[in-house]
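Novice: In order, the protein sequence lines correspond to chains A and B.
Under the numbering used here, the first residue of the first sequence carries the number 32, and numbering increases by one thereafter.
Under the numbering used here, the first residue of the second sequence carries the number 119, and numbering increases by one thereafter.
Calculated directly from the structure, the hints in this document are not laboratory data.
A portion of the hints provided could be inaccurate.
[As the list claims (entries may be wrong)] Cut-off 25 Å, straight-line C-alpha distance, at most; resulting in silico cross-link-like pairs (DMTMM-like, lysine to aspartate or glutamate):
#1 A:Lys73 - B:Glu527
#2 B:Lys133 - A:Asp59
#3 A:Lys67 - A:Glu84
#4 A:Lys76 - B:Asp452
#5 A:Lys50 - B:Glu514
#6 A:Lys57 - B:Glu305
#7 A:Lys75 - A:Glu63
#8 A:Lys50 - B:Asp477
#9 B:Lys451 - B:Glu272
#10 B:Lys135 - B:Asp452
#11 A:Lys113 - A:Glu49
#12 B:Lys500 - A:Glu36
#13 B:Lys496 - B:Glu525
#14 B:Lys498 - A:Glu63
#15 B:Lys444 - A:Glu84
#16 B:Lys500 - A:Glu63
#17 B:Lys135 - A:Glu63
#18 B:Lys330 - B:Glu375
Listed here are the chains, written in short residue letters.
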Amino acid sequence: MSTVEDYVARIEETCGEEKHFVIMFKYDKRNEAIKKILKKSKVKKSISRIIFELTFENVSFRLYGTGKAIFRNLKDKEELRKILADLLL
Amino acid sequence: MLDPYKIREDFPILKRKINDHPLIYLDNAATTQKPKQVIEAIKEFYENHNANVHRAIHTLSQESSELYENAHEEVAKFINANGMEEIIFVRGTTEAINLVAYAWGLRNLKREDEVLVTLMEHHSNIVPWENLSKINGFQVKYADVNNDGTLNYESFENAISRKTKIVCLSHVSNVTGVISDVKRIAEIAHEYGALVLVDAAQSVPHLPVDVKDLDMDFFAFSGHKMLGPTGIGALYGKREVLEEMEPFHGGGSMIREVTFNTITRRCSVSLNDLPWKFEGGTPNICGGVGLMAAVKYLKDVGMENVKGHEEILTEYAIRRMQECEKVTIYGPKDASLKCGILPFNVEGLSSHDVALFLDSYGIMIRSGFHCAQPLHEKFKLKSSARASFYIYNTLEEIDRFVKLLKEIE
Numbered sequence: 032m033s034t035v036e037d038y039v040a041r042i043e044e045t046c047g048e049e050k051h052f053v054i055m056f057k058y059d060k061r062n063e064a065i066k067k068i069l070k071k072s073k074v075k076k077s078i079s080r081i082i083f084e085l086t087f088e089n090v091s092f093r094l095y096g097t098g099k100a101i102f103r104n105l106k107d108k109e110e111l112r113k114i115l116a117d118l119l120l
Numbered sequence: 119m120l121d122p123y124k125i126r127e128d129f130p131i132l133k134r135k136i137n138d139h140p141l142i143y144l145d146n147a148a149t150t151q152k153p154k155q156v157i158e159a160i161k162e163f164y165e166n167h168n169a170n171v172h173r174a175i176h177t178l179s180q181e182s183s184e185l186y187e188n189a190h191e192e193v194a195k196f197i198n199a200n201g202m203e204e205i206i207f208v209r210g211t212t213e214a215i216n217l218v219a220y221a222w223g224l225r226n227l228k229r230e231d232e233v234l235v236t237l238m239e240h241h242s243n244i245v246p247w248e249n250l251s252k253i254n255g256f257q258v259k260y261a262d263v264n265n266d267g268t269l270n271y272e273s274f275e276n277a278i279s280r281k282t283k284i285v286c287l288s289h290v291s292n293v294t295g296v297i298s299d300v301k302r303i304a305e306i307a308h309e310y311g312a313l314v315l316v317d318a319a320q321s322v323p324h325l326p327v328d329v330k331d332l333d334m335d336f337f338a339f340s341g342h343k344m345l346g347p348t349g350i351g352a353l354y355g356k357r358e359v360l361e362e363m364e365p366f367h368g369g370g371s372m373i374r375e376v377t378f379n380t381i382t383r384r385c386s387v388s389l390n391d392l393p394w395k396f397e398g399g400t401p402n403i404c405g406g407v408g409l410m411a412a413v414k415y416l417k418d419v420g421m422e423n424v425k426g427h428e429e430i431l432t433e434y435a436i437r438r439m440q441e442c443e444k445v446t447i448y449g450p451k452d453a454s455l456k457c458g459i460l461p462f463n464v465e466g467l468s469s470h471d472v473a474l475f476l477d478s479y480g481i482m483i484r485s486g487f488h489c490a491q492p493l494h495e496k497f498k499l500k501s502s503a504r505a506s507f508y509i510y511n512t513l514e515e516i517d518r519f520v521k522l523l524k525e526i527e
């Protein structure tokens, strides 16, 4: 059974007043992760299919074709993990 | 004049592609890339000379000790110190400031005293003083910064008094790149009998520096921001000040003798000479060797050339970035007042969004507070993006950077 850790290499909490989370997907799993996320979320905007502005269950976030994503204004890491589990598993 | 294209040939990493795009490295205020001369010096040390220093009489130890001492001498010459006695190798600027705080401040700062810092400091020049004030009870005062990021000298002069025992400020802001007149600050501080500690992490790599002319008491910088390896940096201290100070770390190397008294059943310690008195334990020998190679490289390039090249890049970047409708640049727009550090934001986007966007195209910049939260609060900024330049950056790279900024707008 897959877990979030199968897809995620690192989670960085950004510094600055805006508490964002940057997710870096594992290199060999990034395409699979991107595909899954795009399938489950709503695309608001896309730039050259490199950057996607997405929403999922009222959470807006940005996904990058390089295998990174930035989630804004989440309460904590727990909330992030729940969203990632819903998106990836 | 400096030829960045020729210089780039010395930096293997600059041949890399990131996300299928040529690497454009604009995060030099965080750390710089390493030329092959530094990489080779480290390799050569481990392949041919590795041994502990000052401990043994065998050939390898002699070679290693000589290299390590030469590294101190090279650094001393680079900033025009009197000699290696005034150069203490540390892990970096942070450790250097902590050394001064705990080896000098702990014994010399009393409840009624004051430490004067500025609002533009990196956290590493705030936190040690705030922490120590909780032990010794002195007050930490903050000189203000003008809206353009320059130091408010009037605020500084209003804040200093006979109670001020040390003034701690950065030579160049790691957020705005603003160069502060530390010579003027030292003159004022010395009139009041205060010492001056300058965080030179962003100045020594970018400007010609003469600690005697500036009349510095302490001057701290990091090797990795000037082409050297991480984990090595230097604290310059005036000989007479260092001689009065007690050591920071206790251990091997920093002592001459530890003798056991059979009557008192205690050990007494006699201290080693400068600079070893402050370098307890086995030091970062290879780091010192790498730093020496970096210093030699910069000397060959010429620090006036380094400064001139960065000024050209900064002036050009400011002009080009001002073409972007939604980009706001913080700090002075006159490149001669600053080093090659440009903080900015793009309207409607967080700095992290900007950094991730540029990363997709192989451009590395920094986002966040850059370890200078009080300055961001002063500017009422939640965070900022930061592009910072060095000797291997080109005008073409700035064109590419600006083109992408226009795209993200």
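Novice: Does each hint fit the structure? Answer for all of them.
Specialist: Consistency of the hints with the structure:
| no. | hint | verdict |
| --- | --- | --- |
| 1 | A:Lys73 - B:Glu527 | holds (22 Å) |
| 2 | B:Lys133 - A:Asp59 | holds (23 Å) |
| 3 | A:Lys67 - A:Glu84 | holds (15 Å) |
| 4 | A:Lys76 - B:Asp452 | violated (38 Å) |
| 5 | A:Lys50 - B:Glu514 | violated (34 Å) |
| 6 | A:Lys57 - B:Glu305 | violated (55 Å) |
| 7 | A:Lys75 - A:Glu63 | holds (21 Å) |
| 8 | A:Lys50 - B:Asp477 | holds (20 Å) |
| 9 | B:Lys451 - B:Glu272 | holds (22 Å) |
| 10 | B:Lys135 - B:Asp452 | violated (33 Å) |
| 11 | A:Lys113 - A:Glu49 | holds (20 Å) |
| 12 | B:Lys500 - A:Glu36 | violated (30 Å) |
| 13 | B:Lys496 - B:Glu525 | violated (30 Å) |
| 14 | B:Lys498 - A:Glu63 | violated (40 Å) |
| 15 | B:Lys444 - A:Glu84 | holds (19 Å) |
| 16 | B:Lys500 - A:Glu63 | violated (34 Å) |
| 17 | B:Lys135 - A:Glu63 | holds (23 Å) |
| 18 | B:Lys330 - B:Glu375 | violated (33 Å) |
Hints 4, 5, 6, 10, 12, 13, 14, 16 and 18 from the earlier list are contradicted by this structure; the remaining hints agree with it.
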